[in-house]
Amino acid sequence: MARELLKGNVAFAEAAVRAGCEAYFGYPITPQTEALEHMAKRMPDLGRTFIQAESEVAAINMVYGAACAGVRVMSSSSSPGVSLMMEGLSYIAGSEVPVVLVDIMRGGPGLGNIAPSQGDYNQIVKGGGHGDYRPIVLAPATVQELIDLTVEAFDLAEKYRCIVIVLADGNLGQMMEPAELPAMQPVRKREERPGWALTGARGRRPNVVSSIYIDPVQEEIFNHKLMEKQARIEASEVRYRDLALEDAEIAIVAFGTAGRIAQSAVKAAREEGIRVGLMRPISLYPYPYARVKELAGHVRAMLVVEMNGGQMIEDVRLAVEGRVPISFFGRMGGMVPLPDEVLDAIRKVHAGLAQAA
Amino acid sequence: MATPQMVETLIYERPESLNATHTHYCPGCTHGVAHRLIAEVLDEMGIREDTIGVAPVGCSVFAYNYFNCDFAEAAHGRAPAMATGLKRVSPGKIVFTYQGDGDLAAIGTAEIIHAAARGENITTIFINNAIYGMTSGQMAPTTLPGQRTTSTPNGRDVEVHGFPIRVCEVISQLDGAAFVVRRSLHDVANIRKAKKALRQAFEVQRMGLGFSMVELLSSCPTNWGIPPEKALDWIKEHMVPAFPLGDYKVHPAVAAGQE
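Note that the protein sequences, when read in sequence, are chains A and B.
In this text, residue positions in the first sequence follow numbering that gives the first Met the number 0: the first is 0, and each later residue adds one.
In this text, residue positions in the second sequence follow numbering that gives the first Met the number 0: the first is 0, and each later residue adds one.
It is worth saying that the hints were derived from the structure and are not from the lab.
There's no promise every hint is true.
Straight-line distance between alpha carbons at most 20 Å, and here's what the computed EDC-like set of lysine to aspartate or glutamate pairs gives [to be verified]: (1) A/Lys188 / B/Glu15; (2) B/Lys194 / B/Glu15; (3) B/Lys92 / A/Glu191; (4) B/Lys92 / A/Glu190; (5) A/Lys224 / A/Asp214.
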């Protein structure tokens, strides 16, 4: 496959098609609508399912229904639309059917605006809907990563029978950059749908897909099963990327677009002789706590950069346990930090260290 | 003395599509009748093994325990959306939703209207008993003017709570709807008509003609606070005038078999 100039929204939609996604249900919302439009063309051409639903509420419940049938299925949306999906996501988590969702985050709260944001971190990473569950959350920083993580999302969703959310922002959805799409995988054959799926009880006992456990004893047993699954996910699916951390005395922690901007700031700061590096979490759940903890033992200070008021920083604090000071630089409401602003924040942390010494 | 020979003539048995289990329904509730009619139709059409049901939230939340076919349990009101997802990726299967009035005509209004408008090839069985049963007797979107419920203790005041929704009349206006009828379960003659309508609704789906829905006027003796037999009379005296029985939309392909 050759590299081509791809827009993020189109890239992840096409990546899903090539990952064998058999059905897409969505509702138009900026800044992710190009994904829905791409699916509207591609899916019927391939004899697959595309429906523009009457709402995100309906879209996620259509996803839920198709997932019950054992096919690869997805939706995509942006922050306000994802809020509407939270009910359905909780039911999906409670039914253990595999589902992929892409959230192209925008400024909020409320109607907010259509500019890039990371304001959904708490909602998406900590569960979002009611009850005890966590989706796997993957945060790309480039269009290539957006493609690769979308494909991986389908595999992980089926491996763990869980929700996988690709958490990107309006910047990644709207930007164009060279990237390579994966090879086309065929959709699953009807006769190869999983044994738990609703396919008609032909020659077998009926299958039931449900999130109801009316007996609290049974519900607790089910919750323990979810916790055990989360423990397996936490043990196996942590992903992050390090940059220039070997000799760093300052570690930046930033994900997605903020991580990419921080990368530029790290390079500039290095040119000024500041020993700073970057750890960019890719899996936000499971969060790379162990790596953050390890870094806290090596560096003298940490700087968290986010496109929100400070949400992921709480996870950094959990891992650091007060061993080093943590500073924060964030822009909110659809404002994207400039590399120079992050560089200034690095300089301040550096100056603080010099003062302390 | 010769042993007397017993001759057994089976005149009534449990349909294969209905599980041999006790239900949680209250005495006198017509959910059991509706379940049995659906099960008989699935048996008679030979489609049990190709059928996927979608249960609602409400009194029939445990319907999946009673039907002997694949089943999904939806969120409140979302059964038509879930059924849409199931049907679109399994076009050869028969998919039906079983929903009460709160589920279908209040919280799930958008989902049912749009499933019908899209002409989703699914069947909806709509149980209208003019009350919220599972949460013990609050006002439903189909509660009659003046009807006492726990949330309209002085009777439904239309100035405050608005008017009941006549679902068949609304849904039948949509081009995607192929079969929309209202029947009642208050006596044997009407139960027989209800069964015939259910059969036609599933036939409409099997023929791929579009959305099909059978509304069934049903009783809730417990939450209406009257004995089962009087509850059946109450359907006849109060609900039938408010929700006229009849065919609101019948696709020409099945119209020939209509009464």
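Evaluation of the provided hints:
1. Note on A/Lys188 and B/Glu15: the hinted pairing is violated, with a Cα-Cα distance of about 29 Å set against a maximum of 20 Å.
2. Simply put, B/Lys194 and B/Glu15 have alpha-carbon atoms about 16 Å apart, close enough for the 20 Å limit, and the pair holds.
3. In summary, the hint linking B/Lys92 to A/Glu191 is supported, as the alpha carbons are separated by about 16 Å, within the 20 Å threshold.
4. Restraint check for B/Lys92 and A/Glu190: the C-alpha separation of about 14 Å stays at or below 20 Å, so the hint holds.
5. Among the hinted pairs, A/Lys224 with A/Asp214 is consistent with the structure: their alpha-carbon atoms are about 15 Å apart, no more than 20 Å.
Comparing the model with each earlier hint shows a violation of hint 1 alone; every other hint is respected.
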